[in-house]
Amino acid sequence: MLKEAEIRTFIDGATNYFETSVQQAASVGSPYLVIDGKPGSYEYTGIINISGARKGVVYFTARRAMLMVMLMRMHETDSSEETIKDLVGEVANTISGNARRDFGKNFLISVPTVIANEPDKVTAPHSRSYVIPINWRTHSAKLVVCLE
Amino acid sequence: METNSRSQASLKLLIVDDSNIIRRRIERSQQIARLEVVGSAGNGREAIDLFRRTQPDVVTMDLTMPEMDGIACVEQLVAINPKVLILVVSALADKATAVEAIEKGANGFLCKPFTDRQLNDALEELLTET
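Quick mapping for you: the protein sequence lines, in order, are chains A and B. Under the numbering used here, read the first sequence as residues 1 to 148, first letter to last. Under the numbering used here, read the second sequence as residues 1 to 130, first letter to last.
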């Protein structure tokens, strides 16, 4: 179960990522709790496994169109499949890593795993997940936090 | 007479990060005339191999990487060349990790995500203060 302040950590991480990396603010919708173990995903999902003091996953999921525009904003000219997967993993990694500022060193994060074009394969390890909706330009994405 | 900035380079830079996007971003964004990128590596093992072959003066080092993480890599690079300057560039934002990296031999810490200016300021500081 996440406390409100812990959810705020991930909201701040997502906001900071967009402001800094793509230099264009995203708006974050109201986080909501999913209790059926199916928080949902888009075409590309970067997943970070969390171990240590907390256990679970943090994932960032977005459509290809959004990730392509993000790459352009980052002045990245390579928009290959590999680069899109790299980006979605890096977003998840950065937001999860930044969370250690509040969760501490024992919030251990894995290297990213990326699932592309198989949204049904993206699963949460526990029934309860918090979904943080992210709106950027005309695009929608989600940050999903599923921790014990 | 104008000279190519590469010909002015006097310090070699190795970029280590498991994200190709970040490696390319650092290479593209760093604007310090005396730094010349001599290679990039996607994990600690590759980094050590490239380090021995290219003998860089400066390294940017990610921490969360497959095969060998950045902290272990910092230790090994410093053992090979104690004079190397290492800027850790990582998303791991807790103070304890930054302290550990410095204790193992890193000289600076830049938290991801970063702007071009923050990257160049961190590199300048690394070259100035050490």
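Incorrect hints may have been included.
List time: in silico EDC-like cross-link candidates among lysine to aspartate or glutamate, alpha-carbon distance up to 20 Å [stated by the list, open to error]:
hint	chain 1	residue 1	chain 2	residue 2
1	A	Lys105	B	Asp69
2	B	Lys12	B	Glu46
3	B	Lys95	A	Glu118
I should point out that these hints are in silico values taken from the structure, not numbers from a laboratory.
Quick rundown of the hints versus the structure:
Taking the CA atoms of Lys105 (chain A) and Asp69 (chain B), the gap is about 15 Å. The hint holds against a cut of 20 Å. Among the hinted pairs, Lys12 (chain B) with Glu46 (chain B) is consistent with the structure: their alpha-carbon atoms are about 17 Å apart, no more than 20 Å. Taking the CA atoms of Lys95 (chain B) and Glu118 (chain A), the gap is about 37 Å. The hint is violated against a cut of 20 Å.
Hint 3 from the earlier list is the only one contradicted by this structure; the remaining hints agree with it.
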